[in-house]
Amino acid sequence: MNELGVKGLGEIALVGVAPAVANAVFHATGKRVWELPIRIEHLVEQ
1 MNELGVKGLG EIALVGVAPA VANAVFHATG KRVWELPIRI EHLVEQ
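The numbers in full-length UniProt numbering rise by one with no breaks, and the one at position 46 of the sequence shown is 46.
Hints are computed from structural coordinates only; laboratory data are not their basis. Everything numeric in this text was worked out from a predicted model, so none of it was measured. The beta-carbon is built from N, C-alpha and C at its ideal position, and this holds for glycine as well. There could be a bad hint or two in this list.
[Unchecked claim] Label pairs and their calculated CB-CB ranges:
hint, residue 1, residue 2, range
1, Pro37, Lys7, 23 to 29 angstroms
2, Glu41, Glu3, 39 to 45 angstroms
3, Leu43, Gly5, 20 to 26 angstroms
4, Ala28, Glu3, 38 to 44 angstroms
5, Glu3, Arg32, 39 to 45 angstroms
6, Leu4, Arg39, 18 to 24 angstroms
7, His27, Gly5, 36 to 42 angstroms
8, Asn2, Lys31, 36 to 42 angstroms
9, Val15, Ile40, 22 to 28 angstroms
10, Leu43, Val17, 15 to 21 angstroms
Please construct the entire structure, taking both the sequences and the accompanying hints into account.
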């Protein structure tokens, strides 16, 4: 936020990126990811 308490418009779009990627991993692998960063080692362990 800037000194006026306003966020830039581009910052709002970043909020949904991590959940969207985690959901894509779930749809591709069938394994739910609850931690970031998503690493292949974590997917193999599950």
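Assuming the hint says 18 to 24 angstroms, is it satisfied by the Cβ distance from Leu4 to Arg39 or not? 39 angstroms, violated
Range hint 39 to 45 angstroms (beta carbons of Glu41 and Glu3) holds or violated: 42 angstroms, holds
Is the distance from the Cβ of Val15 to the Cβ of Ile40 consistent with 22 to 28 angstroms? Roughly 25 angstroms apart at Cβ, these two residues keep to the hinted range, so it holds.
Beta-carbon spacing of Ala28 to Glu3 - inside the hinted bounds 38 to 44 angstroms or not: Distance hint for Ala28, Glu3 holds at roughly 43 angstroms.
Do the beta carbons of His27 and Gly5 sit within 36 to 42 angstroms of each other? Taking Cβ atoms as reference, His27 and Gly5 lie about 37 angstroms apart, which means the hint holds.
Should the hint that Pro37 and Lys7 are 23 to 29 angstroms apart at their CB atoms be regarded as holding? Roughly 24 angstroms apart at Cβ, these two residues keep to the hinted range, so it holds.
For the hint 15 to 21 angstroms, verify it against the beta carbon of Leu43 and that of Val17. 19 angstroms, holds
A range of 39 to 45 angstroms was offered for this pair. Does it hold for the Cβ distance of Glu3 and Arg32? 40 angstroms, holds
Pairwise beta carbon distance, Leu43 to Gly5, judged against the given window 20 to 26 angstroms: At roughly 40 angstroms between Cβ atoms, Gly5 and Leu43 fall outside 20 to 26 angstroms, so the hint is violated.
Between Asn2 and Lys31, does the C-beta distance stay in 36 to 42 angstroms? Holds, since Asn2 and Lys31 (Cβ atoms, about 40 angstroms apart) stay within the stated range.
Consistency note: the structure conflicts with the earlier hints numbered 3, 6.
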